[in-house]
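Sequences listed follow chains A and B, in order. Residue numbering for the first sequence follows this note's numbering, beginning at 19 and increasing consecutively. Residue numbering for the second sequence follows this note's numbering, beginning at 19 and increasing consecutively.
No lab work stands behind these hints: they were computed from the structure. Treat each hint with caution, since some may be false.
Pairs involving identical chains hold if they fit within one copy or between any two copies, as the list cannot separate such chains.
Listed next, the in silico EDC-like pairs over lysine to aspartate or glutamate satisfying Cα-Cα at most 16 Å (straight line) [to be verified]:
1. Lys-95 - Asp-80
2. Lys-20 - Asp-44
3. Lys-20 - Glu-37
4. Lys-20 - Asp-60
5. Lys-20 - Asp-79
6. Lys-47 - Asp-79
7. Lys-20 - Asp-93
Since we're looking at a predicted model, the values are computed, not measured.
There are 2 protein chains.
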Amino acid sequence: MKNATFYHAGCPVCVNAEEEILNLVDPRKVRVHTVHLGQSTDQIPVAEGLGVQSVPALVIDDNVLHINFGAALEDLKS
Amino acid sequence: MKNATFYHAGCPVCVNAEEEILNLVDPRKVRVHTVHLGQSTDQIPVAEGLGVQSVPALVIDDNVLHINFGAALEDLKS
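Next up, chain A with everything else stripped away, as it sits in the complex:
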């Protein structure tokens, strides 16, 4: 079972991508944990450390998949 984290910031692009991704994931293969970086700002350095540069992003093991472009991580810091 793989672990994945879906990082987002609640923006329309994020919500759309989240719905599509969560709808297509096979729960027998991947467990997806969702993190709202607009609310859990303490998780921004963690996401940055994994290589996340913008949201929405899906991190599977240590592989970062940036999905469309909702917001840059830098913008979430201010």
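Chain A is already provided as a structure; the job is to place chain B on it using the hints.
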């Protein structure tokens, strides 16, 4: 059962994203068709019509998820 098309051009970013996406998809919910736009150049206008602007991209129904950035569709035309 949803239908999805994974557009790519064989670039390293594309191959990585393809492996990750195909590994997490639930075959009971989504059937993924893969199109290599570097080889099937006749499909470039189709992808463009769906709103694809870069590859790799996953199109689910009429929703386009651009994943990371491998190449712009314009560059595949030349």
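Open item on the list: Need the list of violated hint numbers for this structure, in ascending order.
Closed with: Violated hints: 1, 4, 7; rest satisfied.
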